[in-house]
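The listed protein sequences correspond, in order, to chains A and B. The first sequence runs 48 to 280 under this note's numbering. The second sequence runs 48 to 280 under this note's numbering.
Calculated directly from the structure, the hints in this document are not laboratory data.
Distance ranges between label pairs, derived from CB positions: (1) A:Arg80 <-> B:His150: 25 to 35 Å; (2) A:Glu115 <-> B:Ser167: 23 to 33 Å; (3) A:Pro228 <-> B:Gly73: 27 to 37 Å; (4) B:Ala211 <-> A:Arg80: 15 to 25 Å; (5) A:Glu237 <-> B:Ala256: 18 to 28 Å; (6) A:Gly240 <-> B:Ala166: 23 to 33 Å; (7) B:Pro181 <-> A:Pro228: 23 to 33 Å; (8) B:Pro276 <-> A:Arg67: 50 to 60 Å; (9) A:Gly240 <-> B:Arg253: 22 to 32 Å; (10) A:Glu95 <-> B:Gly91: 27 to 37 Å; (11) B:Ser167 <-> A:Leu279: 15 to 25 Å; (12) B:Gly91 <-> A:Gly112: 33 to 43 Å; (13) A:Pro83 <-> B:Arg147: 31 to 41 Å; (14) B:Ser167 <-> A:Arg90: 13 to 23 Å.
The beta carbon of each residue, even a glycine, is placed where N, CA and C say it ideally should be.
Number of protein chains: 2
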Amino acid sequence: MGSAPGHFSDRLAESILRRRSVVCVGLDPMLERLPPELLERWRGRVPELGDEAAVAGCFSEFCRGIIEAVADAAACVKPQAAFFEQYGAPGWSALAEVVRCAHDHDLPVILDVKRGDIASTGVAYARAAFGGAPGFTAPVGGLDADAVTVSPYLGDDSLEPFVAATAEGRGVFVLTRTSNPGAATLQEQETGGRALYLHVAELVARLGAASTGRYGYSDVGAVAGATAPASLR
Amino acid sequence: MGSAPGHFSDRLAESILRRRSVVCVGLDPMLERLPPELLERWRGRVPELGDEAAVAGCFSEFCRGIIEAVADAAACVKPQAAFFEQYGAPGWSALAEVVRCAHDHDLPVILDVKRGDIASTGVAYARAAFGGAPGFTAPVGGLDADAVTVSPYLGDDSLEPFVAATAEGRGVFVLTRTSNPGAATLQEQETGGRALYLHVAELVARLGAASTGRYGYSDVGAVAGATAPASLR
Numbered sequence: 048m049g050s051a052p053g054h055f056s057d058r059l060a061e062s063i064l065r066r067r068s069v070v071c072v073g074l075d076p077m078l079e080r081l082p083p084e085l086l087e088r089w090r091g092r093v094p095e096l097g098d099e100a101a102v103a104g105c106f107s108e109f110c111r112g113i114i115e116a117v118a119d120a121a122a123c124v125k126p127q128a129a130f131f132e133q134y135g136a137p138g139w140s141a142l143a144e145v146v147r148c149a150h151d152h153d154l155p156v157i158l159d160v161k162r163g164d165i166a167s168t169g170v171a172y173a174r175a176a177f178g179g180a181p182g183f184t185a186p187v188g189g190l191d192a193d194a195v196t197v198s199p200y201l202g203d204d205s206l207e208p209f210v211a212a213t214a215e216g217r218g219v220f221v222l223t224r225t226s227n228p229g230a231a232t233l234q235e236q237e238t239g240g241r242a243l244y245l246h247v248a249e250l251v252a253r254l255g256a257a258s259t260g261r262y263g264y265s266d267v268g269a270v271a272g273a274t275a276p277a278s279l280r
Numbered sequence: 048m049g050s051a052p053g054h055f056s057d058r059l060a061e062s063i064l065r066r067r068s069v070v071c072v073g074l075d076p077m078l079e080r081l082p083p084e085l086l087e088r089w090r091g092r093v094p095e096l097g098d099e100a101a102v103a104g105c106f107s108e109f110c111r112g113i114i115e116a117v118a119d120a121a122a123c124v125k126p127q128a129a130f131f132e133q134y135g136a137p138g139w140s141a142l143a144e145v146v147r148c149a150h151d152h153d154l155p156v157i158l159d160v161k162r163g164d165i166a167s168t169g170v171a172y173a174r175a176a177f178g179g180a181p182g183f184t185a186p187v188g189g190l191d192a193d194a195v196t197v198s199p200y201l202g203d204d205s206l207e208p209f210v211a212a213t214a215e216g217r218g219v220f221v222l223t224r225t226s227n228p229g230a231a232t233l234q235e236q237e238t239g240g241r242a243l244y245l246h247v248a249e250l251v252a253r254l255g256a257a258s259t260g261r262y263g264y265s266d267v268g269a270v271a272g273a274t275a276p277a278s279l280r
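Please model the entire structure based on the sequences and the hints provided.
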């Protein structure tokens with residue numbers, strides 16, 4: 048796996064302390080919501096670039112502008128991969144540019160990808176996010192995110208490649224109790240006397256116990272939506 | 048959402064009948080396992096293309112070769128997105144080429160992506176797979192897969208954008224009881240007197256009831272690993 052310096056949780060804690068901010072800025076670009084003057088400029092480039100690459104270029108410029116604007120006020124950024132993936136390879140390039148721009152501003156990047164798969168496929172997803180897939184001459188760099196979100200449905204072994212990456216300075220946030228109404232479908236089902244998401248929370252604590260930085264936080268965290276504050280306790 | 052002709056389940060059933068085959072060929076390329084002569088040729092192109100694009104080109108050529116070889120004997124193909132994503136934008140382009148090649152051979156494509164997210168993000172993942180994201184001049188095509196795999200942890204509303212795509216001729220397979228040991232972590236937890244995966248199976252049946260093709264199969268299916276044959280009953 049590609050490595051990053053120190054613990055992810057320490058890099059995040061230091062960013063929080065340095066900037067006196069706990070704000071994480073989400074980067075979820077939607078074409079129809081971008082500023083008209085930006086849209087106008089990139090619309091003009093469709094004949095040259097095609098639709099996919101023009102939208103991707105527009106997303107990249109918009110998100111990099113946001114990063115520059117918030118670099119002093121935000122502790123980290125969280126790009127949402129889905130919005131970029133809609134625009135194919137150019138979208139993926141735009142996402143990579145956004146990650147690089149955040150790093151240029153010394154902002155940790157939590158890549159919201161909600162991946163999760165078994166065995167070698169799980170390893171491949173971790174490498175896509177963190178780098179380290181074999182190349183002909185050297186391992187390739189991947190997106191070089193600092194941390195990712197992952198989905199736990201496939202169980203503890205599916206989380207293992209991401210947890211292993213904590214030894215290389217990466218972080219992982221496991222979906223635990225999400226903010227949507229559908230959280231009731233599985234997450235709130237009672238099993239063994241408690242909601243399923245509490246079992247996931249326990250798993251998160253167990254998986255993260257061995258990887259704690261000097262600020263006392265683990266490199267393995269839980270995603271818990273604040274729409275259900277009672278469940279956060 | 049981008050549309051495909053008829054029901055996904057009918058296109059798959061017709062491919063099965065026409066080819067007298069129920070074989071689905073997985074396309075999970077790993078650099079270290081590809082034929083030496085192919086590796087040698089693409090290794091020579093690293094100076095010109097860089098490592099990522101050389102591996103991606105190698106994957107594309109290998110998978111297209113497999114598709115040509117199995118086109119008469121296989122009912123469908125299932126590319127695994129993770130292996131391509133490791134190689135960034137060139138990897139994504141290679142995946143798109145593989146999907147196009149399968150379609151050139153009239154083979155339905157089940158894209159193994161195991162996505163799942165809420166609200167607009169879920170819609171974006173569906174559009175990445177099936178097309179239909181807004182462009183400046185027209186919706187873009189996405190990967191144009193015939194069906195995708197999705198993860199159910201976020202609940203019924205997270206599956207909705209994929210289920211909605213069945214009206215546009217697409218299919219969806221929901222992770223239900225997977226083949227790995229970690230299936231015990233959540234999927235086999237007992238809730239309401241039965242294993243959690245049986246609740247997912249019931250959800251799959253409910254979500255798919257409204258979208259059944261003329262061969263009697265739904266466009267919404269379940270992923271059930273054959274490593275636990277007793278659980279398949």
